Amino acid sequence: MSDPVLCSVAAESERVHRYVAGTLELDAVAQFEAHLLGCVECQAAVREGVAVAAALRRVSAVAESVRPRRRSLWWAVPLAAAAGTLWLIVGREGPLRRLGHVAAAPAFAGVPVRGDADSTSRLVDSGMVAYRVERYGEAAQRLGAVPVSSRTPALSFYLGLATLMSGDPVEAIHVLHEVPDGSPYAAEAHFYVAKAWLQAGHGDSALVELAVVPEEAPIAAHAAALADSVREVLR
Amino acid sequence: MRMFAMASMSMQSADGSVPDVAMTGLSPTIARGLEIVAVRALRDVDEARDAVQEILARALSAIRTERLPPDVPLEAFVYGIARHVIADVYRRRVRDRAPDMDPSALQASDPSPLEALIQREEREMVVCALAALDAADRDLLERCFVKGERVAAIAAQLGEPADRVRKRKSRALERLRAGLRRSGRGHGIASQSTLET
Numbered sequence: 001m002s003d004p005v006l007c008s009v010a011a012e013s014e015r016v017h018r019y020v021a022g023t024l025e026l027d028a029v030a031q032f033e034a035h036l037l038g039c040v041e042c043q044a045a046v047r048e049g050v051a052v053a054a055a056l057r058r059v060s061a062v063a064e065s066v067r068p069r070r071r072s073l074w075w076a077v078p079l080a081a082a083a084g085t086l087w088l089i090v091g092r093e094g095p096l097r098r099l100g101h102v103a104a105a106p107a108f109a110g111v112p113v114r115g116d117a118d119s120t121s122r123l124v125d126s127g128m129v130a131y132r133v134e135r136y137g138e139a140a141q142r143l144g145a146v147p148v149s150s151r152t153p154a155l156s157f158y159l160g161l162a163t164l165m166s167g168d169p170v171e172a173i174h175v176l177h178e179v180p181d182g183s184p185y186a187a188e189a190h191f192y193v194a195k196a197w198l199q200a201g202h203g204d205s206a207l208v209e210l211a212v213v214p215e216e217a218p219i220a221a222h223a224a225a226l227a228d229s230v231r232e233v234l235r
Numbered sequence: 001m002r003m004f005a006m007a008s009m010s011m012q013s014a015d016g017s018v019p020d021v022a023m024t025g026l027s028p029t030i031a032r033g034l035e036i037v038a039v040r041a042l043r044d045v046d047e048a049r050d051a052v053q054e055i056l057a058r059a060l061s062a063i064r065t066e067r068l069p070p071d072v073p074l075e076a077f078v079y080g081i082a083r084h085v086i087a088d089v090y091r092r093r094v095r096d097r098a099p100d101m102d103p104s105a106l107q108a109s110d111p112s113p114l115e116a117l118i119q120r121e122e123r124e125m126v127v128c129a130l131a132a133l134d135a136a137d138r139d140l141l142e143r144c145f146v147k148g149e150r151v152a153a154i155a156a157q158l159g160e161p162a163d164r165v166r167k168r169k170s171r172a173l174e175r176l177r178a179g180l181r182r183s184g185r186g187h188g189i190a191s192q193s194t195l196e197t
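Residue numbers (my numbering), protein chains in the order written: chain P, 1 to 235; chain W, 1 to 197.
This is chain P alone, in the form it adopts within the complex:
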């Protein structure tokens, strides 16, 4: 993506972003698509634009869902880049990461995280054994070998935690996002996603996740306290 753009259509870029957004006129779409079939640069630009649009929609959706409680949280939080000073990034990263530290992962009491007995269950069982004895890297490896289509909310939750505890917050975010809202693990998943964002140095994203922890959830008090601490650091 950092190579010089040789295609004039890709360089002009308005056609690309309007194609991605679906606002390009029909005849222009046909013209652009015929060109697209033979142009690597325009294909890359479209895919990049789609990723950017998807990410922006995701951010907007999360911000929208928390708006009643915290208005325009995502956009209102003064980001380090907006402040324009490096010390803000460097100065906050340490405290944020400390807040993201998870001293002890949620206990696993032996409740089956996957009901049906098949070959995958053996993988899950061995993964959860590793989790219980705090061999999180091994647990993440074994649980992560279970196909996404076979994962239950519980399995995604413990896989996310094992991944987080083994030091990969970004991957943990992806896995914990698989836990569907409405499952018994959803509130805690949001809490630990926030922890992962903090470990990655993104306090604003952590606040977004903490804001969607339901007030009636057992972990809500912890989430509120953590959010206060994050805001204190970001202030």
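Keep in mind the hints are simulated off the structure, nothing from the lab.
Hints may contain errors.
To be verified - To give an idea of the interface, some chain W residues facing chain P are shown, with a C-beta separation under 8 angstroms as derived from the structure:
{"id": "1", "residue": "32"}
{"id": "2", "residue": "33"}
{"id": "3", "residue": "36"}
{"id": "4", "residue": "117"}
{"id": "5", "residue": "121"}
{"id": "6", "residue": "123"}
{"id": "7", "residue": "130"}
{"id": "8", "residue": "131"}
{"id": "9", "residue": "147"}
To be verified - Far from chain P, some chain W residues (derived; all Cβ distances over 12 angstroms):
{"id": "10", "residue": "44"}
{"id": "11", "residue": "46"}
{"id": "12", "residue": "47"}
{"id": "13", "residue": "61"}
{"id": "14", "residue": "62"}
{"id": "15", "residue": "66"}
{"id": "16", "residue": "89"}
{"id": "17", "residue": "156"}
{"id": "18", "residue": "157"}
Note that the structure is a prediction, hence the values are computed from the model and not measured.
Each residue gets a CB set at the ideal place from its N, CA and C atoms; glycine is no exception.
Dock chain W against the given chain P, drawing on the hints supplied.
Same frame as chain P, now just chain W:
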């Protein structure tokens, strides 16, 4: 002279025969472009995958039997086939839909059918990288890639020259890429094909 790069893709045509793609060779660029076109039009990854295979099979058949017009660029020829195949899928959907189905349901109202082209991981990495941009940059990218506004319209509303807005957009994307590179995922964005097998 046309040069066809080899594509190691396994395909099956509508009649069940498997074209020898590796021997005939169609540019992988065309296959990747077809993927974008088909996903956008059909809003369904599985149907798009089938459509791409059908399009490539028909194109290969045309090349083998020398039905490719000499004065038509290969891309334009393949795109013509693509439009026919996609129209066939639409017709099949109309034929197969339930009698009480709302015709407008054929046009999904999803935010963008093209989102099927990217992996969730890519999206989350970009979410992460967006946090490093300032609000003005994010707003500009949203107006472009989500709302699809023209640069001239954005510039007029902001009271800035269009060229400056173009440069701001370009720099915002550069910063985003730099953020992705720093996180070690710079080459992950938008580089994976969802449909390639």
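How the hints compare with the structure:
The interface hint given for residue 32 of chain W holds, since its Cβ lies 6 angstroms from the closest Cβ of chain P, which is under the 8 angstroms cut-off. Against a cut-off of 8 angstroms between C-beta atoms, the interface hint on residue 33 of chain W holds, since the closest Cβ of chain P lies about 4 angstroms away. Nearest Cβ of chain P to the Cβ of residue 36 of chain W: about 6 angstroms, under the 8 angstroms cut. The hint holds. At its closest, the beta carbon of residue 117 of chain W sits 5 angstroms from a beta carbon of chain P; the interface hint therefore holds under the 8 angstroms criterion.
Hint on residue 121 of chain W holds. Least Cβ distance to chain P is approximately 5 angstroms, under the 8 angstroms limit. This hint holds: residue 123 of chain W has a C-beta 5 angstroms from the nearest C-beta of chain P, less than the 8 angstroms allowed. At about 6 angstroms, the closest approach between the beta carbon of residue 130 of chain W and any beta carbon in chain P falls short of 8 angstroms, and the interface hint on this residue holds. With its C-beta approaching chain P no nearer than about 5 angstroms, residue 131 of chain W sits inside the 8 angstroms limit, and its interface hint holds.
With 8 angstroms as the threshold, the beta carbon of residue 147 of chain W comes within range of chain P, its nearest partner Cβ sitting at about 6 angstroms, so the hint holds. At roughly 16 angstroms, the least C-beta separation between residue 44 of chain W and chain P is larger than 12 angstroms, which holds for a residue marked as non-interface. Against chain P, the non-interface label of residue 46 of chain W holds: every CB pair exceeds 12 angstroms, the least being about 14 angstroms. Separation of residue 47 of chain W from chain P is adequate, the least Cβ-Cβ distance of about 17 angstroms exceeding the 12 angstroms criterion.
Residue placement check: residue 61 of chain W keeps its beta carbon more than 12 angstroms from all beta carbons of chain P (closest about 18 angstroms). Every beta carbon of chain P lies more than 12 angstroms from that of residue 62 of chain W, the smallest distance being close to 15 angstroms; the non-interface claim holds. For residue 66 of chain W, the condition that its CB be more than 12 angstroms from all CB atoms of chain P holds, with the nearest at approximately 21 angstroms. Look at residue 89 of chain W: its CB is around 16 angstroms from the nearest CB on chain P, clear of 12 angstroms, so calling it non-interface holds up.
For residue 156 of chain W, the non-interface assignment is confirmed: its Cβ lies about 14 angstroms from the closest Cβ of chain P, beyond the 12 angstroms cut-off. For residue 157 of chain W, the condition that its CB be more than 12 angstroms from all CB atoms of chain P holds, with the nearest at approximately 15 angstroms.
The structure is consistent with each of the numbered hints, conforming to all of them.
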